[in-house]
Structure formats: structure tokens, C-alpha cells
Amino acid sequence: MTAPNSAMPPSTRTPGSILRSQGPLLDVRNLSVAFPGHLAVRDISFHIDHGETLALVGESGCGKSATSFALMRLLPRGTAVAGEVNFNGIDLFRTDARALRNIRGKRIGLILQEPMTSLNPVRTIGDQIAEGLVRHEKLTWTQARTRTAELLDLVRIPDAARRYDDYPHNMSGGMRQRVMIAMAVSCNPQLVIADEPTTALDVTLQSEVLELLDSLRRQLQMALLLITHDLGVVAQWADRVAVMYAGRIVEQAAAHDLFERPVHPYSQGLMRATLRLDDGTHYSNARLSEIPGSVASAAGEQGCAFAPRCSQATEACYHAPPALVPFRDRLVACRVAVEPSEEPFRAVVGR
Amino acid sequence: MQLLDVENLQTSYHSHGRILRAVDDVSFTVGKGETVGLVGESGCGKSTLGKTILRLVPSSAGQIRFSGADIAPLSGKALIPYRRRMQMIFQDPFGSLNPRQTVRTLLDTALKVHRLGDVTERTRRINETIDRVGLPRTALSRYPHEFSGGQRQRIGIARALILEPELIVCDEPVSALDVSIQAQILNLLVDLKRDLGLSYLFISHDMSVVRYFTDRVLVMYLGRIVESGSYETLWSNPRHPYTRALIDAVPSYDAQKKRTAVVLKGDLPSASQVPSGCRFRLRCRFAQERCSDEEPALRRMPSGQSVACHFA
Amino acid sequence: MSTNMTSLPVTLLAVPAAKNGRLSAFLRQPTFVAGLLILGVVMTLACVADLLYPGDPQDLVGPPLLWPFQKTEFQLGTDSLGRDIAAGLVHGARVSLIIGFSAASIGLLIGTLVGAVGGYFGGLADNVLVRVTELFQTVPAFLLVVVIVAIGEPSLKVIALAIGIASWPTIARLVRAQFRSLREQDFVMAARSLGYSDTRIIFVEILPNALPPVVVTASVMVAGAILTETGLSFLNMGDPNVVSWGSMIGDGREMLRTAWFLTALPGTATALTVLALNLIGDGLNEIFNPRMRER
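Chains as they are written, first to last, in our numbering: chain U, 1 to 351; chain Z, 1 to 312; chain P, 1 to 295.
Just so you know, not all the hints are guaranteed correct.
Covered stretches of chain Z (chain U as the covering partner; in silico rule of three or more C-beta atoms under 8 Å from a C-beta of chain U) [to be verified]:
1) 174 to 180
2) 183 to 190
3) 202 to 211
4) 237 to 248
5) 301 to 310
Derived CB-CB ranges, DEER-like [stated by the list, open to error]:
6) Val-128/P with Arg-123/U: 36 to 46 Å
7) Val-128/P with Asp-279/U: 38 to 48 Å
8) Arg-180/P with Arg-123/U: 54 to 64 Å
In the SDA-like style, the derived pairs of lysine to any residue whose C-alpha atoms are separated by at most 25 Å in a straight line are [unchecked claim]:
9) Lys-157/P with Leu-235/P
10) Lys-77/Z with Arg-200/P
11) Lys-265/Z with Asp-230/U
12) Lys-138/U with Arg-98/U
13) Lys-265/Z with Glu-211/U
14) Lys-77/Z with Glu-184/P
15) Lys-265/Z with Asp-166/U
16) Lys-106/U with Arg-123/U
17) Lys-193/Z with Ala-69/Z
18) Lys-265/Z with Ser-172/U
19) Lys-112/Z with Asp-198/P
20) Lys-32/Z with Leu-288/U
It is worth saying that the hints were derived from the structure and are not from the lab.
In this text, a Cβ means the ideal position worked out from N, Cα and C, and glycines have one as well.
Input sequences plus hints: build the corresponding full structure.
Below you can see the structure in the form of C-alpha cells.
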């Protein structure tokens, strides 16, 4: 690969620091996304530094995918968006459509969950990768072809030069996801957004694909926004984590700190409910810890969206949503966790 | 006598003039009250095996003995009494419920077809089942799309329970669900097993779920069982390189223990191109010449498990 | 693309109204509503034909070739034999609709059965049925109708049957495709594991799920059948005992230059009805479209 974009400052990755004050690559402020009849993302703010991996983690319907589509301005018609998204000093929400096209695909790459449907089935994979190079990098098709072979090699597709003329259906799921990765990184982007990149893949391929993404991130000095529901993926591959629940970020911390000691009751519940291979529990000797109810019970909630499922909720939790505030080494949106002096109060669950 | 005793079972498909053996010479048993896990990558034939046992897919050779009777050759009316005793829970809580039937219709039809009781008796059984899976009775008059994924999976479980079966084949019952819901459903399945004395054949690709939920595990690769044993031995001492790789592939939650090495070479080959000799050899780190010449048989090890590998 | 791009506090972000429910789906489609209205008017007229114009519309009731609005008694004029055109149109509506709906029903019945059996069972049964379907599709539909009517008698029953027989292959192919994809769904697997009979699975489990695109096609089939009947009558192969729009057009064609209204009026009626049915079909297609229902 060629050297990364000259406009890009040297990697300033500092995992663990969440209260950086200057020059993040992507700075999202007060982002809200509303689909018809449903507020999917509620006033969230976060940033991504050059070269770091931030994971947005949460369960289905928590707004993590809506967030990623909003960043790329790829939301369906009829969706309302508010807030500010600064990418390298450019406000993505106010820039015109042409400038946006030059950012999408060139400076921000996108990898989606389902590699079969995100690739055009009637075009060769090589042409699909080369097209971005021709459009954004102004290469000729011949140059783009050579470069595409290099990219296929870079994403560890065996026999790369020969695979240019393959169609998506000739490839396995893991191979197609590698093609998607090659496409996303083809123009040396500064940021890659990966939306559940391994969810459709087998466990045996999962770590391979994530390892590939991570080594490309280091090699090409890109930042990675990893969107996933899988805590295991987060623990292994993210520098920082933002846990989302019902459209809000409830906890944001360095990956290590979060897994070491989750603070928000939802993060705690998620970790307790997650089965681990090495914890020795078996159905015959231990019951799994559940989070009662479902996200649906958060609909129309005035206060903290997690309160109806929370065992520590107090009266105050039902009145107003808690703000995301600094707490020790992280940001947390929970009254009870931040002010542990208050008397815990058993909430009625599943109403 | 075992509840389910499968011997040399084979399921083949014809595809473009070729014969694909999705299930190839598989033998195992499931005892009363036992939970047997079946793990493997997608495409290894584990789902087909489950459906073959329930006679939803025709088998091409072998025996499926349920309570001693071979049900493989049965068809039509002769199968119906066995259908009642074996049921299935599906992966996709959205595709497995008829979108045009209310929950009550869904459950009632099954009872009607098997002529189980009059209206009051059927209502009693429906209410009992819906209580058992933890849904409110008001759910009965609603349609599947009105429920969340976890609730729909409870409806699917209710449908599997309504005929009071002895064996339930669970085909990836929690892999489409969110983590917090997964735990709810697994706990429910544990309760049902204990209260009703059910046996499960639990199909999953998720090693951590299988380790928690099953008594005995079968590891399947390209239509064959390559290792089987009790959950403790298999986890503490996996002997087949494939089992080892599946266990290693599970991400660790310890953020310190980052970035394990790539554990398997390449992708699962297609069932139409099974390699000669050991079918795992193309992806195996330890493969030697012998592996391409000779197919390893499933051998019983002193440690208790059975392994199909020359070097185990 | 997103519309609201201003930086507002979240409380000010207006959540776009949800577009739920079938009723609002109807009302968002003016063409669908227009189609329903036109068809409604035609159906009402057909129903009350005997009240509005009692007696046989083939009776010679007035002077020949009156132009529309020339005499208040015959609002739409009379034809060359002195038959009331308004009476003919209204009674003809009845004939056209009867033929349209019964022919479509026959086609629907045959097509659904053939498609369901072939699609559900697959294998040999499917192979045979697909060949039969293709055989019917190789013969031009209109010719087939002409041949059947020529062999039988030109009565409404035979005509409806002939059109139905000529039009079922479209439905059969559609239903077969639906069944082939639906039979692989888990809920069908579940039904089989519960020991349901094939008949129950076909009709109770799968068919209701396969119907939406069939209903859409059926509305267009009604329109096609009306056109076919019009064509037949134009060729003098219609039922001689009743007045239909086609026979009126056929009768008037000799005087196309001098008394164009004789063909224009039944022609317009046919065109409007066919248009209405097509609008309804398009509207139903949109309403059943799963992408529309998601949001």
C-alpha cells in the first residue's frame, strides 16, 4: 500500500483517555435521529481519535446502527436528524452532496453486516473494488486493476490476482467480507465504520476477520468505529467502548476498565448475562443472571430508559433521564451509580 | 433403552447431478432427561441432522430408533404418533411463526389435529402452556408481529410444548436473540427440562452456550461427528484439533488476553467436495501424509470421549 | 436523505409521524381511491340496472340514431336500430362485470390449485404441472378463448369458462413461486413437525401467506377478462341474448364516421373500468409491499 494521506497527523492514539480536548478525527455532538414515530438516537455525543478503535455496543434497537448511518448521511427519506458531526473539521451534516460523496468511500469506508447483499451480484468483485479507485483516486481502469489485486492480497485473499473476475456468489461468506473490507480501505480512508462485520460469519472466521481489520487499522493508520452487539468482540478489539441503551450512551470507558468493572447497571447486567467459556458455570449448578423484561418496556419512558428493568432504580430515576457525566475514569449516565449514597429501591419490573 | 438411538444415519441431497452427503454415517444416542449438544460451523450438517431425526427431511440410510422403534422407514399416518413425542424449536423467532395466525390458533390447531380433548380441555392446556413459558394470557389473542424477539421465541417454545413431547430438538434457539434475552430463554429451557423431564438435542454454533447448557457434546464437521464426550472432558481436554479450534475461536472477555492467533486455515469446504482421507485435513495444523490417505474412525479414548483423529 | 439538518436540542427534534395501519396506507394513494370509486360506480349501476332501465335493453324503444342529449328520454341517444344506449351501457356493465369476475375466479381456482400442488410437493407432480402450464402458455390466450367458444356455445357461462381456462397459467406460476419459497420457511417445518396433513398445510398455513400478490394479479385479470369478452363480442362471438359493451362497439363500428358516439361511449366505459381495476391492482401491490409495511 502507499503511504497514508499526507493531511493526516501522526497517530495520536491514546487508549484510555476519554476526556481529550483537541483535534479528534470525528466529533459527534448531540446527535439525534428520529424515524417516523420513533426516536432512535437521543442526543448522543462521542468522538473518535486518529487511529483508535471505538466500539458502539448494544442490543438490537439501541440505535447503534442508526448512529452509523447518520454519520454517513445514509438514512432513509423521512428521517429527521439533529446535531453536529465534525469529521476532520468538516461538518458532515452541513456539507453539500458533492463534498459528501468525496468523503464517503474515500475518507470514510463502510463495512456492513451481510456481505452477500452489500455486494452487487451481477458484477465481478474486482470491478466493484476498482470502481471506487477510478472515481475517488482518479486512476485509470488498468491502474485500478493492479491496485485491486494488491488490495485483495492485502486482505489475505489467496491467489488474489486470479480472483478479480470472480462474482460474489463464487465466494464464501468469509471471503466476501474480506472483499468488503478491501473496498472499504481501498482509498486509504481515515475512518472505517464496521457495522456488525462478523455477525453473519462463523465463530472460526470471526477472529480472523477482526484480526485482519485490526492489523489493517494499524498498517494504514485508520480509526475504526466498530458497531457490535458482541461483548467478546469489544473486549478483544476495542480501545474504548460506548455502551448504548434505548438510543442513549449509558457508559463510555476504556475497554479494559469497562470489562474490569462495569459501572452502569445495564453494563453490569449485560456482562453477567453473557455466557463465558471459562467461568465453569453449568445449568446443573448455576442459573444464568437475567436482565428482566425487554427493551420494549423502555418505550415512552420519561426518566432513565433502563429504570423499568433495573434492580437499583430509585424514585428519581423515573422522573428525568440521567446525564452522561464524568465518573472516575469514565462517563456514566446513572444517578444511582454516580451517587451511591441514595437508598436502593426495588422497582416494579415488566409493567 | 435410550430415548433416541441414531445409527449410521445418512442424509443426501441431489444437487446439479451430484450427491451431497449433508449427514454422513452418524451414530449417537440421547437418554431420557439428557441434553446433548451438537456443535459445528454453519453448513456442517447439524441442522439437517436435527431435521432428519424429526423426519422433516428424508434420510437415505440408517436407523432412527425412538423409544426402541425405528421411525426412519415410517411415513404418513404411521408417523403421527411419533410427531407428538418429538418437537422442534427454531432459530428464527420471526420466520417460525405463521404471521397470519393468532397465538391461540397456533396452539389450538396442534391440539385439534391430534384430537386432544374438547374445547374446555384444550383451553386448559393452552392456558397452562402459555403460563409455563412466561407469557401473559392476553398474548393468546395477538399476532406474532406484535411481540418482541424474545417473546416470540417463548411462543415458539409454547408451540413445541403443547403436545407434551419427550424430546425437543432446539435448532440454535438463542442465537438470534440479544444477550439479555438469551439468558431468559436458556433459564426457561432449563426449568422446562427439570419440570417436565424433557430431553434436548441442542444444536448451536456458540461454544459458550453449549458448554453451559448440555450434558454431552457432539462436534460435527462436514456431515460427520469428529469428537463426542461429556461437557467436562471435552472442555478440559479436547482431543480433536477441530474441537480445539472451535474453543479457541471464542473471544475471551479478558481484555488483557487480547488477540489470539488465527486458529483455522480457510473456510469450510462444500459438502460436494469432501477431501480424501480425514475431511478436516485441509484446515488442520497437524495434518500429515497419513491424513490424506486414510479416514480416521471414531475411536473411544481412555479419557471417556470418542475422537476421529489419527493423532489424538 | 435526511431533511432536518439543523443543530437543535433533542427536545425540539420533531419525531416524524408514524405511518401505521392499512387505512392510512389506502388514503395515501389517491389513484387507488380513484380506482375504487370508479369501480364502485360501475358496480352500483350494474346492480340497479333493472331499476333504472327495466325491460330488455335489446328492445327497440325509440327512433334510430338519436345523438346524446338530443332527447331527454334517451339521454345518451339510440343506436341504428333505436335501442337505448344508456340502457345498453348499464346492462352491459353487468355482463362485463359478471364475465370479468367469474372468469377471473375460474382462472384463480385452477391456477391456485395447480400452482399450490406443484410448488408444495415439487418433484414429479411439479414437473408435470409445469409442462402443462407451459403448454397452455404457448397458445395465444385470445385464440384459445375463440376456439373454446366456437366448440361450445356463445353463452355467458361458456365464455367465462373459456377466459378462465385461458388465463390460469399466470396465476399458477405465481402461486407456485410463492409456495416454493414459503414451504422452506420454518413455520411450515413447524407445521410438519406437529403432524399436520399436507392439505391443511397447503390451505391453512401457506395459502393465506401466498395470497397478497395473487390478489393483485387477480384484479388485473378481471380487467383482462373484460377486455377479452369485449373482443369476442366485437367479433360477433359473444352471447347474442345479452347486450355487452363489446357487442355495442361491434354494432357501432359500421357508423364510426357518422355516429362515433355509438362506439365511443361503450369504449369509454370499458376503458374506465379496466383502468379502475388496474389502479386497484397497483394500489394493492403497494399496500401489500412489505417494504411499505415496515415503517
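Structure-based check of all given hints:
1. Here's how the region 174 to 180 of chain Z fares: 3 of its residues keep a CB closer than 8 Å to some CB of chain U, so the rule of at least three is met and the hint holds.
2. Coverage of the region 183 to 190 of chain Z by chain U holds. Counting CB-CB distances below 8 Å, 5 residues qualify, and the rule asks for three or more.
3. Only when three residues or more bring their CB closer than 8 Å to a CB of chain U does the claim for the region 202 to 211 of chain Z stand; here the count is 6, and the claim holds.
4. Counting residues of the region 237 to 248 of chain Z whose beta-carbon sits less than 8 Å from any beta-carbon of chain U gives 3, enough to reach three: the coverage restraint holds.
5. Coverage of a stretch by a chain is defined here by at least three residues with a beta carbon nearer than 8 Å to that chain's beta carbons; for the region 301 to 310 of chain Z and chain U the count is 0, and the condition is violated.
6. Checked against the hint of 36 to 46 Å, the pair Val-128/P and Arg-123/U passes, with Cβ atoms roughly 38 Å apart.
7. Between Val-128/P and Asp-279/U the C-beta distance comes to about 59 Å, which lies outside the given range of 38 to 48 Å.
8. Judged by the Cβ atoms, the range 54 to 64 Å given for Arg-180/P and Arg-123/U is violated: they are separated by roughly 27 Å.
9. A threshold of 25 Å between alpha carbons decides the hint, and for Lys-157/P with Leu-235/P the separation of about 18 Å falls inside it, so the pair holds.
10. Between the alpha carbons of Lys-77/Z and Arg-200/P the distance comes to roughly 14 Å, so the proposed pair stays at or under 25 Å and holds.
11. For the given pair, Lys-265/Z sits about 23 Å from Asp-230/U by alpha-carbon distance, which is consistent with the 25 Å threshold.
12. Proximity of Lys-138/U to Arg-98/U is assessed by CA-CA distance (about 16 Å); at most 25 Å being required, the pair is judged to hold.
13. Of the supplied pair hints, the one linking Lys-265/Z and Glu-211/U holds, its CA atoms being roughly 14 Å apart against a limit of 25 Å.
14. A distance of roughly 22 Å separates the Cα atoms of Lys-77/Z and Glu-184/P; the hinted pair therefore holds under the 25 Å criterion.
15. Distance restraint check for Lys-265/Z and Asp-166/U: the Cα-Cα separation of roughly 21 Å lies within the 25 Å cut-off, and the hinted pair is therefore satisfied.
16. For the suggested pair Lys-106/U and Arg-123/U, the alpha carbons sit about 21 Å apart, so the restraint of at most 25 Å is met.
17. As the CA atoms of Lys-193/Z and Ala-69/Z are separated by approximately 23 Å, the hinted pair is consistent with the 25 Å bound.
18. Straight-line distance between C-alpha atoms of Lys-265/Z and Ser-172/U comes to about 14 Å, which keeps the hinted pair within the 25 Å bound.
19. Note on Lys-112/Z and Asp-198/P: the hinted pairing holds, with a Cα-Cα distance of about 15 Å set against a maximum of 25 Å.
20. In summary, the hint linking Lys-32/Z to Leu-288/U is supported, as the alpha carbons are separated by about 24 Å, within the 25 Å threshold.
When each numbered hint is compared with the structure, violations occur for hints 5, 7 and 8.
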